[in-house]
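Visitor: Listed below, chain by chain, are the residues.
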Amino acid sequence: GQQLNQSPQSMFIQEGEDVSMNCTSSSIFNTWLWYKQEPGEGPVLLIALYKAGELTSNGRLTAQFGITRKDSFLNISASIPSDVGIYFCAGQLAGSARQLTFGSGTQLTVLP
Amino acid sequence: SAVISQKPSRDICQRGTSLTIQCQVDSQVTMMFWYRQQPGQSLTLIATANQGSEATYESGFVIDKFPISRPNLTFSTLTVSNMSPEDSSIYLCSGETLAGVGYNEQFFGPGTRLTVL
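These protein sequences, in sequence, are chains A and B. Heads up: the first sequence at position 26 corresponds to 6 in the numbering used here, and the numbers run straight through without jumps. If you want the numbering used here, it's the position in the second sequence, counting the first as 1, plus 11.
Source of the hints: derived by calculation from the structure; they are not laboratory data. Note that the Cβ used here is the ideal one computed from N, Cα and C, for glycine as well. Hints may be right or wrong, so weigh each one.
As the list claims (entries may be wrong) - Negatives, chain B to chain A, calculated, CB over 10 Å:
1) K18
2) G27
3) T28
4) L30
5) Q52
6) F77
7) L84
8) T88
9) Q117
10) L125
Unchecked claim - Below 16 Å or equal to it, Euclidean Cα-Cα: the simulated EDC-like pairs (lysine to aspartate or glutamate) are:
11) A:K31 x B:E116
12) B:K76 x B:E65
13) B:K18 x A:E(-5)
Based on the provided sequences and hints, a complete structural model is requested.
Guide: Okay, here's the thing in structure tokens:
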């Protein structure tokens, strides 16, 4: 199946630092979604992107839909302890029946 | 957005038995999906639950093992049949809503944590 390459796999950062993670693919996507998952919970939608080049913010989070439609990044500014969790990118392939393909996830740990 | 609940939240089952997981959405959704996730791993799509017709399964998943029902626009069930320890996983239900024409968002339930002994 299609794959999304998400990096980094894990990050250990100090509180207050900025964080960046990204997803890339060899395929073209119509939609990019970024989710956060905490232990014992389902993924929670953070940001949805629908147009190439689109830059969208949600509080301290900013995500961009790559101009080639094959990549996306998520930035978190001024991290806080509650940012801890696993962040997943998910894309909807061009021409697909709306199923999502998920990245492998980025485990974020914020040190006080 | 949509709020999705799942029952049970977790279960421990014996090998060879079956478990049915329920998924309820608080509003009508266009599509419903079932995923499987190993702890700390990514999500793998099992099938798309189609309202009033047979589910559409992804490669590696079959109806006899994972029968799915979706009798209306807000409810679906997934049965894990004839379970083995390899079926131990987190099973997640999701629903897709339309934020606008061509703009769809997918929301997830909290998951069902299944352990097969």
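Visitor: Please list, smallest to largest, the hint numbers that this structure does not respect.
Guide: 5, 9 and 13
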